[in-house]
Each structure stands twice: as structure tokens, then as C-alpha cells.
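Line order of the protein sequences matches chains A and B. Counting along the first sequence from 1, when you hit position 245 you're at 245 in the working numbering, and nothing is skipped either side. Counting along the second sequence from 1, when you hit position 117 you're at 117 in the working numbering, and nothing is skipped either side.
Be aware that a few hints might be false.
[To be verified] Simulated coverage check for chain A against chain B, where a stretch passes if three residues somewhere in it have a Cβ under 8 angstroms from a Cβ of chain B:
(1) 13-23
(2) 44-58
(3) 329-341
[What the hints assert, rightly or not] Now the stretches of chain B that chain A is said to cover, found in silico as 3 or more residues with beta-carbon under 8 angstroms:
(4) 28-40
(5) 57-69
(6) 73-85
(7) 193-206
[What the hints assert, rightly or not] Restricting the straight-line Cα-Cα distance to at most 27 angstroms, the calculated cross-link-like pairs of lysine-lysine (DSSO-like) are:
(8) K3/B - K343/A
(9) K3/B - K29/B
(10) K421/A - K243/A
(11) K343/A - K100/B
(12) K178/B - K64/A
(13) K29/B - K24/A
(14) K130/B - K64/A
(15) K130/B - K178/B
(16) K252/A - K421/A
(17) K252/A - K423/A
(18) K130/B - K29/B
(19) K130/B - K3/B
(20) K246/A - K423/A
(21) K100/B - K130/B
(22) K64/A - K218/A
Calculated directly from the structure, the hints in this document are not laboratory data. The beta carbon of each residue, even a glycine, is placed where N, CA and C say it ideally should be.
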Amino acid sequence: MTEVVMPQMGESIVEGTLTKWLKKPGEHVERDEPLFEISTDKVDTEIPSPAAGTLTEVLVEEGKTVGINTVVARIDGAGTGAAAKPAGLSVTAAAAAPAPEAPAPAPVSAPPPAAALPVEQPPAEPTGPLSPLVRKMARENNIDLSKVRGTGAGGRISKQDVEAYIAQTAAPAPGPTPVAQPAPPLQAPPPVAPSIPYQAPSGQAKTRIEPMSTMRIKIAEHMVLSKRTSPHVTTVHRVDMTKVAKLRERFKEQFQSNYGFSLTYLPFIARASVAALRQFPLLNASLDGNNIVYHNEINIGIAVALENGLIVPVVRNADEKNILGLQRAVVDLATRARSRQLKPDEVVGGTFSITNFGSFGSLIGTPVINQPQVAIMGVGTVDKTPVVIDDAIAIRSICHLSLSFDHRLIDGALADQFMTKVKQVLENWSEEVL
Amino acid sequence: MRKCQVRELGRIAYGPALELQQQLIAARKAGTAPDHLLLLEHPHVITLGRNGRHEHLLASSEIMERAGISFFPTDRGGDVTYHGPGQLVAYPILDLREWKRDVGAFVRAIEQTIIDTLADYGIEAGRIPKLTGVWVGDRKIAAIGVHISRWVTSHGLALNVSTDLSYFQYIVPCGLTKPVTSMAQLGVRATLEEVSRSLAAHFGRVFDCEMLYEAPVLAAEREN
Numbered sequence: 001m002t003e004v005v006m007p008q009m010g011e012s013i014v015e016g017t018l019t020k021w022l023k024k025p026g027e028h029v030e031r032d033e034p035l036f037e038i039s040t041d042k043v044d045t046e047i048p049s050p051a052a053g054t055l056t057e058v059l060v061e062e063g064k065t066v067g068i069n070t071v072v073a074r075i076d077g078a079g080t081g082a083a084a085k086p087a088g089l090s091v092t093a094a095a096a097a098p099a100p101e102a103p104a105p106a107p108v109s110a111p112p113p114a115a116a117l118p119v120e121q122p123p124a125e126p127t128g129p130l131s132p133l134v135r136k137m138a139r140e141n142n143i144d145l146s147k148v149r150g151t152g153a154g155g156r157i158s159k160q161d162v163e164a165y166i167a168q169t170a171a172p173a174p175g176p177t178p179v180a181q182p183a184p185p186l187q188a189p190p191p192v193a194p195s196i197p198y199q200a201p202s203g204q205a206k207t208r209i210e211p212m213s214t215m216r217i218k219i220a221e222h223m224v225l226s227k228r229t230s231p232h233v234t235t236v237h238r239v240d241m242t243k244v245a246k247l248r249e250r251f252k253e254q255f256q257s258n259y260g261f262s263l264t265y266l267p268f269i270a271r272a273s274v275a276a277l278r279q280f281p282l283l284n285a286s287l288d289g290n291n292i293v294y295h296n297e298i299n300i301g302i303a304v305a306l307e308n309g310l311i312v313p314v315v316r317n318a319d320e321k322n323i324l325g326l327q328r329a330v331v332d333l334a335t336r337a338r339s340r341q342l343k344p345d346e347v348v349g350g351t352f353s354i355t356n357f358g359s360f361g362s363l364i365g366t367p368v369i370n371q372p373q374v375a376i377m378g379v380g381t382v383d384k385t386p387v388v389i390d391d392a393i394a395i396r397s398i399c400h401l402s403l404s405f406d407h408r409l410i411d412g413a414l415a416d417q418f419m420t421k422v423k424q425v426l427e428n429w430s431e432e433v434l
Numbered sequence: 001m002r003k004c005q006v007r008e009l010g011r012i013a014y015g016p017a018l019e020l021q022q023q024l025i026a027a028r029k030a031g032t033a034p035d036h037l038l039l040l041e042h043p044h045v046i047t048l049g050r051n052g053r054h055e056h057l058l059a060s061s062e063i064m065e066r067a068g069i070s071f072f073p074t075d076r077g078g079d080v081t082y083h084g085p086g087q088l089v090a091y092p093i094l095d096l097r098e099w100k101r102d103v104g105a106f107v108r109a110i111e112q113t114i115i116d117t118l119a120d121y122g123i124e125a126g127r128i129p130k131l132t133g134v135w136v137g138d139r140k141i142a143a144i145g146v147h148i149s150r151w152v153t154s155h156g157l158a159l160n161v162s163t164d165l166s167y168f169q170y171i172v173p174c175g176l177t178k179p180v181t182s183m184a185q186l187g188v189r190a191t192l193e194e195v196s197r198s199l200a201a202h203f204g205r206v207f208d209c210e211m212l213y214e215a216p217v218l219a220a221e222r223e224n
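Modelling step: build the complete structure from the supplied sequences, incorporating the hints.
Structure follows, in C-alpha cells:
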């Protein structure tokens, strides 16, 4: 004889409602065949039979809620037991209809009453979810939350509301206590990016109006903020990438076969930037009021174009990575940015950024600083170009690198020293690639 | 990391979506399919959970038919609910044995996914003890109803993005006489596609799995 019990469906679940018997007493059931269904917290679950045999007794009727481990049925493992063949339980679809009592013979151990696992009802609380912090504050200060006026969304009580209530009740009442006011209506968030309102021309509409996506709104907000915060100046340097191009050509296939990704110019430029950032730490800083915050880590944000926006994931500790490590990090971040798999902490904490508009054919750009950073490098396209070297014309791989910097903190001379260092590292590349 | 295949089905009728779920459940149980997250939108339909009460259906079948609403009894948990255009429906077909064998934790995780998604849009949503679903104040913004068979989940959640809330008048949602709301009603204009991307991403984080899309969805980065 096998006892079938109400299974424990999870740590916090202490009871379940038996919604439907899928077998009648007297019927044969296979091991793992669905035997009954239970409902716990909006989840319906089919429970497989723990053993093969004849369902001899059904101890809990449909619609009843019982604690976990309560015996709900018995199965005679032999399959030949002289099971009572009562008028079968009603197993119609009407789950709500109570089924007749389990038949005699009386079970030796009756299922424990549902009260065996009491479920405490929480004290009445004001409507709306309460944060653990608010609950804790209420408990510690012995506050009846139903008396606190919530000003959050939908009248939700926030920490500030509780603080205000404490302040109000603690202070000697200066006059009649204001009666609780109705919660303010839910309000639409204000538009984030200021814009000149569009004036519809007279006559029929020649426009189509579409709301901006949230990402678009966030980008708009950030761009306006950045331009308002930092006086941008952009300087452009021409860099001979021939040496890097040759290295890249040599190792490209090896990268692909060894690591599954190709070798681009980006890790070289990032590596050169690291060298220059080390030498000129002011470009790896932020402004906080009238203080300069120097960052000890070099975390480089890499702008990644998405179909309808952009995101700047961060290569952390870029100074600790070689070409392979940088390339791997860039590929990983770009791939996950596109499948929206970035973790929130992977798009913050950057101390300098690089944007590679050259991949879209641009020669020179004037990128916008990614606040609160103070500089961003823009990478133009790398093209074979005739250049004059020692009064002779040569064909070289030329790239224009631009640097937009915050003129509050960085002067042109420093910016150009920084760029000269980047250029010097790239043009005289000496580091091993693999 | 576990992988979860995302399928964006667009607008699909309840019946075919149910069939697809059943195929995927069978394949998942047989071990021939990975975990799936189906993201879709239904035409007007009212469904009744296994524990649902017909009296929570307020309109006669005749009135519903005239309003273009179809009706489906289903095997998910929960009571009666409405699905329709502007509502993001997500059906996770997961084998919980590879995550946590915990029905309660699963429902809480689904709620967390929705709460995190709404936070992306500046909506502060939360839970109400003993009332499964996601709430903004005392208004319900997302409903949850799940079926589990051998730890494989089906059915899931319905989040009101820009749902025409007047359709809820035909039912007592989940048997609760509490008001419903939508992201649009809270002043957030967002497309279903956008919210479904955000939801899938949060789903991946909450359930700690890598979300795989069928085709590259974003502009491919060209090599410099």
C-alpha cells in the first residue's frame, strides 16, 4: 500500500488545493501517470502517481485545501487488492462542485485537519504594496500605517511619507491636524527632453506622429544633459595605421580559428588610449562640483550601435588587458548589447569612451561626451591614402582619430598631447599581438 | 549558462498558441527542445482557468460574440481573464528541475520580471501579499496563471501595455473586484515589441539564462 501525499511544491508553500482527481477509486494507475491536480497560488500542477497499482482510497475531495504531506490517497501496489468499488467520485470538469466523501472502509489514519498547518492572516494593511523598509519603520515607530498618507504611485506609502508622519506626530500640534487627503492621481511622467513644440501646418495632416521609445528618450535626455554640462571641443589627429593594419592582416585568421572572432582595429586603439590615459590621468577623471575626481581604474566605454539606438557597455580594467583580452571583451559586450543581455552594472562606471563611427564610413566625427566622463575618442574609417613621407608619395592606411573633450577641465594643449601619445603608440606598434 | 529560446509570435489566436505550447511542452519533457519564452499578443479572448468560476464571466456568450471576443476554458491556474490587442503575453516553457523545483519561487520570479520591466519605464510596481500578479497601487497591471506538469511550465503572464481596459468589464478579473490598469493609462507610451524585448532581457536576468533570438535582431556591426 502506497500513501499518496500532498507534495511540497516549493519552500514557501505550506498547503495546496486539490482541484481535480484524474483517476477514480478502483482504477488502475501507472507510476508517473498524472493522478490528480493541485492548485497553489495561481499555479495548477499535475501530480504524477508515486507508484503503479489500484487507486483504493481517495481521502481528500476536490476543492479541499490541505497541508503538505497530508495523505490524499492510497494505492494498492499489488494491483489486485480488494479495493472497495464505491460509486465513483465525480470527476466532471466542475472543479468547484464538492465530490462525495471518501467511502468506507474508514481510513486508519484520517488526514490531519487542514488546521494542522495554520496559515496566519497578516494584519489588515492599507491597500497597495508596502516596501520592507516602510514596514520596518512602522514597526519600530509603532505607527498605524492606515493613518499615513501615501504620496507614491497609486497612494503607495513611501519612506518619506512615514518620515513626514513621524515628524508631524512628534512635533507639538500647532493646530488642528490636517485630515488625510486623497492620494494624488497617477501622473504621467513629464517629457524628458525639452523640445520646441511642433506647429501643425494648416490644411490636411502631412505628418505621422509616433511616440519615442524609452531608449530614444533616454538617449535624448543624456545628449542634452551632456551638451548642457560640458563645453565640447573636438580635436582631430591623422594617424598612420599601416603597421597595425599589417599586424591585423597577419593575425586575423589565427584569431578567427583560435578564438572564433576576428581581429579589428578597435583593441589597438583602446590599448593606445590606455597608454595615453596613464600618462595624462586628467582625461580619465570626472568633475564633481569644483573637485577633480581622478579614477584609479581605466574603464573604457565602447559605443555599440543598436537598430534603433545605442548603448555604451564598459570594458572594465582595460589597462589590465592585452589585445586578445580587449578584443574578446569588445566582441562579448557588443554581442550581448545586441541581444539585450547586458547586466545593469556593465553599462556604468566608464571613465573614458571610444566610438567607432568609421565602421559606418565616417571620416571624422565630433562625438558627444558620455557624462560624467570628460573625453571621448571617435574613430574614423581606415583607408589606404597617398601620403607624403620624406618628400616621397606613399600609400598608407590612414585613420582620423577625433577627441571631444570637456574644456572646463582639459585645455587644447593637453588634449593634443594626449592624442600625440595615442598616435605615437599606434604608428610605432611594438607590442606582441599573440 | 542555461539557454532560453525566445520566440516572438506577434498576434496569434489563442487556439494555435495553445497548440504550440503543447508541442513545446511535449518536446521539453522529452528533452528535445530547450526552454522557451513565447512572446505574443492575442486577439480578444476570455479564458477561464481550471479553478475559474463561470459567474466571474459577466457577459453572456451572445454579448461576447457580438463584441468579437472568443472564449476558452484552459488548464492554467487562476480564474477568468481577458487577453487582447495591446497586451503583452509571455508563455515560459521551462523545465523547473533545471532552475528551482519551487512553484512559489517561480511565480515570484515571474512577478519580479514584470516589476523590473516596468521599472525600465519609470513605473513603480509591486506585489500585494496573497494576490498573485503585479500591481501599481491597488490596480492590477499584470496577471499570472501557470500550469505545471512534471515541472515543465506553461501559460504565464499578461501585461497590459496599451490594452483597451474597457474589455475587462466583461469579467471579474481573477475573481477580484479590483481595478485594472495599463502602462498607457499610467502615461507610458511604449510599443509591444519594445516592452517584449525588455521583458525578455529581464527574464534572462531573473532566471539566470541566456536569451537566444531566432535571427539577429539588431544591425550587425561591420568590421572596420
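Hints, verified against the model:
1. 13-23: It holds, with 4 qualifying residues against the three required.
2. 44-58: holds (count 4)
3. 329-341: As far as the region 329-341 of chain A goes, the hint holds, because 5 residues have Cβ atoms under 8 angstroms from chain B.
4. 28-40: violated (count 0)
5. 57-69: violated (count 0)
6. 73-85: Holds, because 5 residues of the region 73-85 of chain B bring their Cβ atoms closer than 8 angstroms to Cβ atoms of chain A.
7. 193-206: Coverage by chain A holds here, the residue count being 7 at a Cβ distance below 8 angstroms.
8. K3/B - K343/A: holds (16 angstroms)
9. K3/B - K29/B: holds (16 angstroms)
10. K421/A - K243/A: The hint holds at about 16 angstroms.
11. K343/A - K100/B: holds (22 angstroms)
12. K178/B - K64/A: Distance of about 26 angstroms is within 27 angstroms: holds.
13. K29/B - K24/A: holds (26 angstroms)
14. K130/B - K64/A: holds (18 angstroms)
15. K130/B - K178/B: With Cα atoms ~14 angstroms apart, K130/B and K178/B stay inside 27 angstroms; holds.
16. K252/A - K421/A: holds (26 angstroms)
17. K252/A - K423/A: It holds: about 22 angstroms lies between the C-alpha atoms, which stays within 27 angstroms.
18. K130/B - K29/B: Distance ~31 angstroms between K130/B and K29/B Cα, so the pair is violated.
19. K130/B - K3/B: With a Cα-Cα distance of about 31 angstroms, the restraint between K130/B and K3/B is violated, given a limit of 27 angstroms.
20. K246/A - K423/A: holds (16 angstroms)
21. K100/B - K130/B: holds (21 angstroms)
22. K64/A - K218/A: violated (51 angstroms)
Hints 4, 5, 18, 19, 22 from the list above are not met by this structure, while the remaining hints are.
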